[in-house]
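Take the sequences, apply the hints, and build the full model.
With the UniProt record's numbering applied, the sequence shown corresponds to residues 1 to 324, in that order.
Since the hints were made in silico from the structure, they are not lab data.
Check before you lean on any hint, since a few could be wrong.
[Stated by the list, open to error] Simulated pairs of lysine to aspartate or glutamate, EDC-like, Cα-Cα distance not exceeding 16 Å:
#1 24 with 36
#2 181 with 119
#3 181 with 201
#4 102 with 290
#5 22 with 4
#6 284 with 127
#7 22 with 36
#8 24 with 42
#9 22 with 42
#10 181 with 153
#11 181 with 224
#12 284 with 265
#13 102 with 122
#14 284 with 122
#15 181 with 217
#16 181 with 221
#17 181 with 205
#18 284 with 307
#19 102 with 119
#20 284 with 311
[Stated by the list, open to error] Label pairs and their calculated CB-CB ranges:
#21 7 with 58: 14 to 22 Å
#22 244 with 101: 56 to 64 Å
#23 194 with 116: 18 to 26 Å
#24 71 with 281: 25 to 33 Å
#25 164 with 308: 45 to 53 Å
#26 187 with 289: 47 to 55 Å
#27 7 with 256: 32 to 40 Å
#28 194 with 150: 24 to 32 Å
#29 198 with 122: 27 to 35 Å
#30 7 with 187: 45 to 53 Å
#31 281 with 256: 24 to 32 Å
None of these values were measured; they are calculated from a predicted model.
For every residue, glycine included, the Cβ atom is placed at its ideal position computed from N, Cα and C.
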Amino acid sequence: MSVELRRNGLHLTGTPLSLDAKRKSPLSFVSHGHSDHIARHESTIATAATLRFMAHRLGPVAAPLSVPFRRPFELGSLQLELLPAGHILGSAQLRVTRADGKRIVYTGDLNTAPSLTAEATEVATCDTLVIESTFGHPRYRFPPRPEVMGQVETWLRAQLHRGVTPVLLGYPLGKSQEAMKQLAGRGFLLVAHPSIFEVAELYAELGVPIENLRRYDGRVEPGEVLFFPPHLARGGALAPHWPRATAVLTGWAMDPGGARRYGADVAFPLSDHADFPSLMRYVKDTGARDVITCHGFAEELAQALRDAGTDARPLGKPQQMALF
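The following block contains the structure:
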C-alpha cells in the first residue's frame, strides 16, 4: 500500500479511500470540520461532531459513516480506527492497519495542548506516520495555554476598565469556542458574531456548553467582550464600536507583525495546532520508523526529524510514496 498526493488531496492507493479530500470523492475520511478539509463526498467517514459541522456548512451529508473514537472497523482487508486529534471538537486521526499488522497513521490537524472544548489527543502508535506540519519550524514554540489566557484576561480587563470595547478575533469554528469557554470560566460576559454563536450552539448540542454568551445583534453592552471573525473585521463592520481595542488569537502571533497581519492592535499566540516541540515529541511517542510531513513547514520539520535520527521526508508536489 502507498499514499499519493493528488490534486484532490491524499489518497491511499489500492483502496477507495481519500484523506481530507478537497473536492468531491467517492469515499473520504474527514479529520475535522474546518472548511479547508471538507467537501460534498459521495460517502464520508468522520466523527459525529465533524459530520454535524459539515452539515452546518454544506447541508445534508450524503452517506455519512459516523465512527466513534477507538472503535475499529473494516474496509476491505484493512482495519480502520479513529483517535482524538485535539484540534477542535470531534477532530480525529486515522489509523489504518494492514492484514499483516503494519500500521499507518494520518494525523490531520493536530494539537497536543490541553483543551476545554476538544477531546484530549491520544498518541497513535504506528509504523508510518503522516503528520501535519503547520507550525513545523523551530521558531514556533508557544507559551503554555494558561499563560496565554492569563495575558488575554489582563488585556481584556484593562480595556474594560478604560471604557473601551474589547474585540477578540478568532475563527468561527474551534478557536473562538475554546477562548470563549476559557473566558466564561473567568467571569467575562461574552457576545459573539452569528457565525461564531451558531457554532457555539452546536457545541452545546454536542455536550460542550459555553456560558455567559449571547448572539451579537449590532450592540455590545458595557462590560461585554465581542468575538468576531477575522475576515469580517476589516470591512467596517466594527466601525460603530468606538472606542474599541482589537486582539487576534492565532499561532501566527509568534511572527513579527502578527497583529498587523490581521489589522489588530495586539496578537496572542493561542493556537489549535501543535507547535514545533510538540510535533517533535509526538513523532517520538508514536514509535514511527518512517515519517511523512505535510502542509505548512513540512521540509523544516522533516529536516529536524532527520537531524534527530528519524527517517522523515516531506510530501510536496503530487507523487506516490511507498508506506510499507
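Hints, one by one, checked against the model:
1. 24 with 36: At roughly 13 Å apart (the allowed maximum being 16 Å), residue 36 and residue 24 satisfy the hint.
2. 181 with 119: Roughly 14 Å between the alpha carbons, so the hint for residue 181 and residue 119 holds.
3. 181 with 201: holds, 12 Å
4. 102 with 290: holds, 12 Å
5. 22 with 4: holds, 14 Å
6. 284 with 127: holds, 11 Å
7. 22 with 36: Satisfied, since the Cα-Cα distance of roughly 7 Å is no more than 16 Å.
8. 24 with 42: The given pair, whose Cα atoms are some 7 Å apart, holds under the 16 Å limit.
9. 22 with 42: holds, 13 Å
10. 181 with 153: Given pair residue 181, residue 153 holds - Cα atoms ~13 Å apart, limit 16 Å.
11. 181 with 224: holds, 15 Å
12. 284 with 265: violated, 38 Å
13. 102 with 122: violated, 19 Å
14. 284 with 122: holds, 13 Å
15. 181 with 217: Judged against 16 Å, a Cα distance of about 21 Å means the pair is violated.
16. 181 with 221: Status violated; Cα separation ~19 Å.
17. 181 with 205: Judged against 16 Å, a Cα distance of about 15 Å means the pair holds.
18. 284 with 307: holds, 13 Å
19. 102 with 119: violated, 26 Å
20. 284 with 311: Cα-Cα ~11 Å, so holds.
21. 7 with 58: 14 to 22 Å: holds, 20 Å
22. 244 with 101: 56 to 64 Å: Holds, at about 58 Å.
23. 194 with 116: 18 to 26 Å: holds, 22 Å
24. 71 with 281: 25 to 33 Å: holds, 27 Å
25. 164 with 308: 45 to 53 Å: Because 47 Å falls inside the window, the suggested range holds.
26. 187 with 289: 47 to 55 Å: Given range 47 to 55 Å: holds, Cβ gap about 49 Å.
27. 7 with 256: 32 to 40 Å: holds, 34 Å
28. 194 with 150: 24 to 32 Å: holds, 29 Å
29. 198 with 122: 27 to 35 Å: holds, 29 Å
30. 7 with 187: 45 to 53 Å: holds, 49 Å
31. 281 with 256: 24 to 32 Å: Between residue 281 and residue 256, where Cβ atoms are some 26 Å apart, the hint holds.
Figure legend: structure checked against the earlier numbered hints; hints not met, in rising order: 12, 13, 15, 16 and 19.
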